[in-house]
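Novice: Sequence:
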Amino acid sequence: MGWLEVYHYERELDPDDCIFPSMGANGVLQPRDQLSHDTIQMWINEATAGAGIRGSFSTHCFRRGGAQYRFMFAPIGERWTLARVRWWGGWAENEQHDTLIRYLLDELHTYETDHSNALAPRPRNANESLMGEHSLVQPVTTEEVRSMMASVEANISDLRTQMGHVKGVVDANTSDLRDQMVHVKGTVQDLVSVVCTKVPLSGTTNIHHTNSANLNLSNLKEAPSQTKGLTIKIPPLAAPGTSTATRRRNTAATAAITRLSPGQACNSTPISMISNNGQTTPSTSRLATRTAGGHRRTSLSRSLPTAGVVIPDVPVRNPNGSRRPKCESWRDIVKHWTEGDPALGLHTPLRDWPPEWTRHNNRLFAVKYHQRSLVALEFLNTYRSDETRFLAAYPEAAKGHTALFNAINLARQARGEREVRA
1 MGWLEVYHYE
11 RELDPDDCIF
21 PSMGANGVLQ
31 PRDQLSHDTI
41 QMWINEATAG
51 AGIRGSFSTH
61 CFRRGGAQYR
71 FMFAPIGERW
81 TLARVRWWGG
91 WAENEQHDTL
101 IRYLLDELHT
111 YETDHSNALA
121 PRPRNANESL
131 MGEHSLVQPV
141 TTEEVRSMMA
151 SVEANISDLR
161 TQMGHVKGVV
171 DANTSDLRDQ
181 MVHVKGTVQD
191 LVSVVCTKVP
201 LSGTTNIHHT
211 NSANLNLSNL
221 KEAPSQTKGL
231 TIKIPPLAAP
241 GTSTATRRRN
251 TAATAAITRL
261 SPGQACNSTP
271 ISMISNNGQT
281 TPSTSRLATR
291 TAGGHRRTSL
301 SRSLPTAGVV
311 IPDVPVRNPN
321 GSRRPKCESW
331 RDIVKHWTEG
341 DPALGLHTPL
351 RDWPPEWTRH
361 NNRLFAVKYH
371 QRSLVALEFL
381 NTYRSDETRF
391 LAAYPEAAKG
401 HTALFNAINL
411 ARQARGEREV
421 RA
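Residue numbers are given in the UniProt record's numbering: position 386 of the sequence shown equals residue 386, and the series is strictly consecutive.
If you are wondering where the hints come from, they were derived from the structure by calculation, not from laboratory data.
In this text, a Cβ means the ideal position worked out from N, Cα and C, and glycines have one as well.
Heads up, none of these hints are tricks.
Derived DEER-like restraints, expressed as beta-carbon distance ranges:
{"#": "1", "residue 1": "T161", "residue 2": "F20", "range": "57 to 67 Å"}
{"#": "2", "residue 1": "G50", "residue 2": "G27", "range": "14 to 24 Å"}
{"#": "3", "residue 1": "L344", "residue 2": "R384", "range": "21 to 31 Å"}
{"#": "4", "residue 1": "D33", "residue 2": "T141", "range": "52 to 62 Å"}
{"#": "5", "residue 1": "L35", "residue 2": "S322", "range": "42 to 52 Å"}
{"#": "6", "residue 1": "L105", "residue 2": "D16", "range": "33 to 43 Å"}
Here are the simulated DSBU-like pairs of lysine-lysine, each with C-alpha atoms no more than 35 Å apart in a straight line:
{"#": "7", "residue 1": "K368", "residue 2": "K326"}
{"#": "8", "residue 1": "K167", "residue 2": "K185"}
{"#": "9", "residue 1": "K399", "residue 2": "K326"}
{"#": "10", "residue 1": "K368", "residue 2": "K335"}
Produce the complete structure using the sequences and hints provided.
Specialist: Printed below as a string of structure tokens:
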């Protein structure tokens, strides 16, 4: 009724309004005209024809079917009385109130005199009570309790067996994982000791070990000349006798040591790990190198941050859902460039982003990153962080970051710092 009031009538129901009103040809409801019997019959015929069901079904079929279920087959406590059945048949046109009761009584008599379940383990004996209700409410017997407990105990025993099997598998995997971690620890220690050793190498030397996690360094050869690099292949970390499945799970890594000159220290070597499939995973630590002139430079190669690559939109959204004024967008851009904004997911300032964070799968950030860098560097480098001069040169900052970006491009073009394609 609430649905009719809110959705269809858009008002409260009047005493004369029908719950099932008629509908005009134009789809407008007629609240005080009840839905006709012929209309319902027409809808039933359309539904059965569309579903490909042969035969004809009248409203009597649905009235009788619903009442028969409620009178005979509904759960105990939910079954209808004959008075309720008589009321149910009262809305049928051209049908006496007792017609539906007569149908149901005939069906009940047929059900009670039917002996098709005479050989069932627990016959319903429908002729002893209404629909055999006595068999559903009688006390449980000792034999039935024993049968139930035997079934429950069998299920518990089977469950205990399965849990024991699962425990054995978990214990085996835990022990295997512990052994593998020991191998990994030893291999990493050996690898670090090799990298930190100032040993010039001639060409590329492969060091193999199959039955032990300890590296064999006997193949290393000293050479006075400049070296090309060292490749150390680490086979699957599995002790002899482990299963094939375990060996398949293990990972073979390769540490590739780039070109070294004699006398370089261990912290001047960038390392990359190569898995079995040949894919290289760069190290996430900072590694220092020295140029020919002796100047120290730092190269950074790291994977994407855990939280993902994020460049916040401007104007920045406030915690209450509103946005900061457009005239403050350029200040937010400078803050994102120099400090970041962890509250918005920008944990690393934009100026510290490595190039790979705007390449490949992240190339969608490239344009946005370029725009942010242009605005920030114009303020920081060109105008030396002088807000007065910056705002005097670019009054467009009050209109938002897009207008400011376009104005900076025009200024750079006038200074000869930007070329425009013809």
